[in-house]
Each structure stands twice: as C-alpha cells, then as structure tokens.
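Line by line, the protein sequences are chains L and A.
Residue numbers in the first sequence follow my numbering, run continuously in steps of one, and reach 243 at the last position.
Residue numbers in the second sequence follow my numbering, run continuously in steps of one, and reach 1222 at the last position.
Check the hints yourself; a few may be wrong.
[To be verified] Below 20 Å or equal to it, Euclidean Cα-Cα: the simulated SDA-like pairs (lysine to any residue) are:
no. : chain 1 : residue 1 : chain 2 : residue 2
1   : L       : 171       : A       : 1168
2   : L       : 171       : A       : 1175
3   : A       : 1013      : A       : 1024
4   : L       : 52        : L       : 112
Hints listed in this document are in silico derivations from the structure and should not be mistaken for laboratory results.
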Amino acid sequence: MTLIDLANPTKFLSLTARVLPWLAGATAILLLIGFYQAAMAPDDYQQGATAKIMFVHVPNAWLAMFVWGVMSIAALGTLVWRHPLADVAAKAAAPIGAAFTFLALVTGSLWGRPMWGTYWEWDARMTSVLILFLMYLGLMALWRAVDDPSRAARAAAVLTLVGAINLPIIKFSVDWWNTLHQPAAVLRLGGTSLDKAFLIPLLVMAVGFSLLFVTLHLAAMRNEILRRRVRSLQMMQASQQAA
Amino acid sequence: MTALAALIRRDIKIALRVGGGALIGVLFFLTVTVLMPFAIGPDLALLARLGPAILWLGALLASLLTLDRLFTADHDDGSLDLIVMGRTPLELACAAKALAHWLAAGLPLIIATPVLGLLLNLDAAATSAVALTLLVGTPALTFTGMIGAALAVILHRGGLLLAVLVLPLSIPVLIFGVAASQAAITGPLSFGTPFSILCALSLVSLVIGPFAAAASLRHGLD
Chain L
1 MTLIDLANPT KFLSLTARVL PWLAGATAIL LLIGFYQAAM APDDYQQGAT
51 AKIMFVHVPN AWLAMFVWGV MSIAALGTLV WRHPLADVAA KAAAPIGAAF
101 TFLALVTGSL WGRPMWGTYW EWDARMTSVL ILFLMYLGLM ALWRAVDDPS
151 RAARAAAVLT LVGAINLPII KFSVDWWNTL HQPAAVLRLG GTSLDKAFLI
201 PLLVMAVGFS LLFVTLHLAA MRNEILRRRV RSLQMMQASQ QAA
Chain A
1001 MTALAALIRR DIKIALRVGG GALIGVLFFL TVTVLMPFAI GPDLALLARL
1051 GPAILWLGAL LASLLTLDRL FTADHDDGSL DLIVMGRTPL ELACAAKALA
1101 HWLAAGLPLI IATPVLGLLL NLDAAATSAV ALTLLVGTPA LTFTGMIGAA
1151 LAVILHRGGL LLAVLVLPLS IPVLIFGVAA SQAAITGPLS FGTPFSILCA
1201 LSLVSLVIGP FAAAASLRHG LD
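With the sequences and hints as input, model every part of the structure.
The following block contains the structure:
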C-alpha cells in the first residue's frame, strides 16, 4: 500500500472505514491513561497543581505547529505531485489545526494568569502563535472564498507554503529572544530537562492528542470526499434538468 | 531586459496617470495620520512617543490599500494573460511589477513622511529614522503583499480577504520597523540590530514574493 494507491477516493474511503474505529479506540484509551497519569502526577514544587495544565497545553501547541506542517506537505502534494487527495487533506486539516492553536492559546493564557499574573503578554512565542492562528483563519476564509475546489486548493497551497516560514520562528522564538515564555524543555540539545514523573504523562498525552488529530483528520477527509461527491451529483442533476 | 524595463515604465505610467492610484495612497496615509490626534488627543509629548508607530501603521495600511491594483487591472483588460504566456519568466515579470508598484505607491509614502512627522511633533532625527526604516521596510510590504494580490486575482472579489491574508505576513516587518525607529529615537537598544533584521526581511521577501506570486498566478489563471 503506497500513497499512490490511496489516490483512488473509493479505496481511501474503504481503508479509512476499516482503520477509523481502531484509531478512535486507541485515541480514547491513550487520552484516558494520559489524563489519569496527569491527575496522579506530583505537584510542581514551585507552581503547585497549576502546572498540570501543561499536559494539555504542550500537546496542543505541538499539534498547532504539526498540523501546519502536515498542510505544507499536502500543499507540496497539490502543487508538485498533483496527488488527488492532497487538497482534501489540506482542507480538512485547517479547521482542526485552528482549533488546536486556539486551545493552546486559551490554556496558555489560563496558565499565565496565576503564574505570570497576566492572561496575555506580547511575548515572541505568544505573538507568533497568535499569527499562526490568524493565518489558519485566513486560510479557511480563502478556502471558502473560491467556488471551484481545485482552484481554491492551489491558491491555498501557495499560502500554506508561505505561511510555513512562521513555523521555525515559533519553534525557536524562545531561544532567539529572551522572553517570558520558558525555553524548550523536552526537545533540546543535551537531553530533556523534564523529570520522568512529568515527562511520561506528557508524552502519553502528546501521542494521544496526535492520534486524536489523525482520527479527526481522516474523518474530516472522508466527509470532504463525500461532500464533493454530493456536490458533483447535484451538478449532474442540475445539468440534466436544464437539458 | 528591455521587456522588463518596458513593463516597469508602463506600470508607473498607469499608476501615475489613471485615477491617481499612487497619490490616493499618500492621501490615505495623510488622513490616517491626521485622524490619530483626534483619537489620542493633541498631547504633543504623547504624539512624539507614538509617532513612529503611527507612521508605520499608516504606511502599512496605505500600501495595503493600493495593493489590489497590482494585478486586478491587468487581469481585467487581459494583459495579465499576455504577461503569463510571454517569454519573460513570470517570476521576473512579477518582480518588475512589484518594483514598479513600490516606485509609484511606496516611494511617495516615504517622501510624505517628513511632513507627517511634523504633524506628530517628531524632531528631525526621529523623522529621518522613520523615513529610513520605511525606505528599507516598505519593499518587504509590497513584495509579501504581492502574494496576496496574486491570490486575490483568482478570487475576483477578494478586497477584504486580501487584507486578512496579507496583514499576518507583514507583522514581522511592522515589529522590526517600529523597533528600529524607536531604538534610533530613545534607545536603549542599538539601532543596528533591528535595522539589519528589517533589511533581512526585505531581502527574503524580495526572493519569496515573486516566486509565490508567480506560482499562484500560473495555477490560478486557467
């Protein structure tokens, strides 16, 4: 099974119909374990129980960037390889990515209130994530503004690739600028600085949220394919009635 | 080369002659700047402190206002199709069009800056710092805005969407433009660091803008 085999929407639909229940189940189990472990994790010695919002905030923030990465690969698929499902993948990912970005911003500001004493600070990472959120919304508006899906796909693909420049800026903003947001703790040179008691629940949650994204994404892609079929059937019907 | 020069000459001529396109931008810049004291209050010390930010915001909005003229007029009369099909590489043609647009619409904003600086109680050093950062930064606004303008051609009625797409991309330019002007006026940071980042942003957009605009024109017009 290669990516080319999936170019046939019918094959894609039948494969995902088989895979989706398993994915959904695995997501539910992992998230349950993750939430349980997060609840059982010891309090932070400085921040107390408030640090536990990290287990939701960090996976959401990772996924906010990861989803744009997925959309950039899909954009290459649209522009370079002309994969028929690439634009479906890109279109389905945008609202999910926007939701993750929004959750990362909201959980971050709820965490910031007790810790930094402010809901919002114009710090480099927060600003760049906010820009990412605005770009998600702009991209969704672009998808809706063009009637023809294939033309919308190519326009959105160009914008997605241009927007991908923002990703390294977000990732390294905390290293380049000395800001309020803490620097990277998990993925960094010289190994993680996080204790195992926090690291393991965090990784479980990260995998769980990633699986949640894959599940939602595949389901949204199925919906998009079905929506396009309905659309083309309606067009056919309309042209038959006109004839 | 002659084709590109002809394209630049033609675009500048059209911008200066038809409908006062270039000067509308300056007029808008003036109006936005004049509106600010009404909103903030005529406190001269406060205006001097906010001046660079006001001028940068005004220039950003003014350059955004004129952006949708970049491709739509050519698309309407069909000359854009000729440019796309022509022998000149589309990336170079896009760069030439953006350069012409900047000369016709961006440069007048910078020339108008000293006058507007007077209105905002900026001294000579501050005004020249703002004008210098605008001179370096507005090409970045034009060249990244060109990507949005190329996308708006596909959309036909994309005026407001153009702003939504382009403004997030122009935030870094705004940040470093204002930071450099503030650094020159009040310190304590050195002027060089944000100014060089601003130059880098302009150079990067000079490369990325034409390619992205050409790609979306090529894929969008069929």
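Verification of the supplied hints:
| no. | hint | in the structure |
| --- | --- | --- |
| 1 | L:171 to A:1168 | holds (17 Å) |
| 2 | L:171 to A:1175 | holds (18 Å) |
| 3 | A:1013 to A:1024 | holds (15 Å) |
| 4 | L:52 to L:112 | holds (13 Å) |
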